[in-house]
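Here the protein sequences come in this chain order: P and G. No gaps in the numbering here: position 248 of the first sequence is 248 in the numbering used here, and each next residue is one more. No gaps in the numbering here: position 90 of the second sequence is 90 in the numbering used here, and each next residue is one more.
In short, the hints are calculated from the structure, not lab data. Backbone N, C-alpha and C fix where the C-beta goes; we use that ideal spot for every residue, glycine too. It is possible that some hints are incorrect.
Far from chain G, some chain P residues (derived; all Cβ distances over 12 Å) [what the hints assert, rightly or not]:
(1) Q152
(2) D187
(3) M236
(4) H250
(5) Y270
(6) N314
Just some of the chain P residues that point at chain G, by a computed CB distance under 7 Å [claimed, not checked]:
(7) I67
(8) E77
(9) L166
Here chain G is said to cover these stretches of chain P; the calculated rule only asks that three of the stretch's residues, wherever they fall, bring their Cβ under 8 Å from a Cβ of chain G [to be verified]:
(10) 53-66
(11) 85-99
As a plain string of letters, each chain reads:
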Amino acid sequence: MIVTRRSFTIGALLAAGTAGWPVFVKAQGTKTIAVLFDGLYSPFWVSGLEALRSDLQGRGFEMVEAISDQDDNRQFEQVKAMLARGVDGIIIVQTDSNAVIPAIREANRANVPMVHFNRPPAESDATSVAVQADNRRITRETVDYMVKVAQQTGGQYKAAILIGDLGDPNAIGRRDGFFDVVDQHPDLIEVVARIPTNWNADQAFAGLTNAFQANPDINFLFTSSDFLFPQITQVMRVADKFYPVGDPNHVIFGGFDGDATAYELMKDKYLDADGVQDLFYEAKLAVDAIVAMGEGEPVDKLLLDPGFAITQENMAEMQERMWGYHVFQSKG
Amino acid sequence: MSASAVDRATVGTRRPGLLTRLFVSEYLVLYLCAAYFLAILPVVPQMASFAVLQNVLADMLPLLAVAIGQTFVLIIAGIDLSVGSIIAMVSVAGASVMTGDGGYLGGSALAVPGALVVMLGLGAALGALNGLCVTRLSMPPFIVTLAGMMFWSGAAIWFTTFHTTTSSIANLPRGFVVIGQGAALGVANSFWVVLALGLAAHVILARTVLGRRLYAIGRNRRTALVSGVPVGRAVVLAFAISGLCAAVASILYTGRLETGTPILGDRILLDVIGAVVIGGTSLFGGKGKIVWTVFGVLFLVLLDTSLKMLGMSLFFVLAIKGAVILLAAVIDALRTRMLARGL
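Let's have the full structure, built from the sequences with the hints guiding it.
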């Protein structure tokens, strides 16, 4: 066989390339946890992934991560790929609480523990553990404060609520928490707009724009997630509704999550109250659960983060517990 | 005779080398699959495990069903961008018929057969509607199916709200779920379904008058028309077959997830068109085979699975897939040019 200069060069390049391959091989003896998110479309999820990464690495785990981009089938395939790869546990944020059930069954069959981070699955015979904020109670606390402000200010209120994806139990909990409170005050508050967002910022923008056009007198607004604040404040500015607390044109305004934008809006007095999920605590609960399940210890099916509502009244004392405050501070 | 003419004459009679023959072979993508598999093994040794190979096959099958339908449409120089939305619409329509949570036929013995009839019928009807818009209204397939993609995606979400307070329809009967999850004779049920679909599609394209007409339309529509080919009817049939294949994929996806969901297939389009193009079916029509599509789907799923096993980010996976599809298009153009010049 005649070796030409070209074939020698190609061969040498291939040899050099293959020589580097073993460095990618997983270190032996380290436990690996797969962290599968459906998307990183809000600061909550970005910070949540970082909190999990930091906690897992701090405890000596190797972490592999994958994003399914809100594709149920792709996430199912990712779960199967991770099981085939031989991971020791899976922490998952699923797109749909029903469609994740077959993935849990796959994990059960492989005897790999699965923990749902911040979003529980639908009821089924499959075994897993969910970490979830007490959405309904935290929302009630938040809206209670908004109603208190309304009562103190006086007058009648036209309310709007931005509702999340109703396939997500968190969205349902927050919606129910909102109505638990406003339904008790029919003389004070009339809900004139229920805006579906499906956790989609464009949909929220269009829905709120339409709501303000149909009801220009909306003066009580709650969003089921803080990640919609940029769109909401933009719509409020255009509708001439964006005024701080104390201004006669101020819209009583509340949100949910506790992100950095919420902190900034609270600091600048545009936001009256915000339901805060204790993100770092939830990450710790998830990793604790994976470790315990891996060691065969029993773990409750639902681990609840009690969370809290931060308001203009208690902000000074509570902001240290708000994860968005720390993100805001770290940005300088 | 000039020197260059002598060279051309010599080249014309010389037997092409092994690499050239491999490059122009219709099995090139299969060889690439084998080469890629061997190359990735040292990095991801689990790829050779039974579990991963099983995953590759299971992930291939629903995608292959949609890609088979897309092959028909690409052969007539069309494109069907609405397959993902058809999958979603079919999924929620079928689920609404059979769900135990208040489905139209929920709890009855007719639930599963009724749902299957609705799913297959709806898929074929939506595909035929695309075809009718293309032929009767002389609209470009790109615009028709793009509009269909948007309309049916929205309609699927809207339809779902009538049947559940959540975003998906669950509690599907076991008799349906088993189509996507169960096995017969030790092989997944979905394999038998897609095998039957693939064989039928191959026979239609390779052995029937309709197949010859579809290739003729793809090569030159006007010539086909002048030659007496009923172009309109054949185009409608091609789109109807694409819709039907999307419905088969929807049955498999819905079965494996045990849920009718309006976002099913939302992000499948790149994979479908990519797989068909990688296989070698031409975007310009007149060229394509079912077996090529099988190779294309296999290559894409192998690539996808290996990158998943490596823990690559979704965005990296998408970038690599995009690059591979572009490379496939370039290779196709080069091969076509080489074959036109007699190698």
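Results of checking the hints against the structure:
For Q152 (chain P), the shortest C-beta to C-beta distance to chain G comes to about 35 Å, beyond the 12 Å cut-off, and the non-interface label holds. Residue-level check passed: D187 (chain P) sits 28 Å from the nearest beta carbon of chain G, beyond 12 Å. With a least CB separation of 27 Å from chain G, M236 (chain P) remains clear of the 12 Å interface cut-off, as annotated. Chain G leaves H250 (chain P) outside its interface by the beta-carbon criterion, the shortest separation being 34 Å against a cut-off of 12 Å.
Against chain G, the non-interface label of Y270 (chain P) holds: every CB pair exceeds 12 Å, the least being about 31 Å. Listed as a non-interface residue, N314 (chain P) keeps its Cβ farther than 12 Å from every Cβ of chain G; the least gap is roughly 34 Å. The beta carbon of I67 (chain P) is positioned within 7 Å of a beta carbon in chain G (closest approach about 4 Å), and the interface hint is therefore held. Taken as an interface hint, E77 (chain P) checks out: its beta carbon lies about 5 Å from the nearest beta carbon of chain G, inside 7 Å.
Checking L166 (chain P) against chain G by beta carbon gives a least distance of about 5 Å; that is within 7 Å, so the hint holds. Counting residues of the stretch 53-66 of chain P whose beta carbon lies closer than 8 Å to any beta carbon of chain G gives 3, which meets the minimum of three for the stated coverage. A stretch counts as covered by a chain when three or more of its residues have a beta carbon under 8 Å from one of that chain; for the stretch 85-99 of chain P and chain G the count is 7, and the coverage holds.
The structure is consistent with each of the numbered hints, conforming to all of them.
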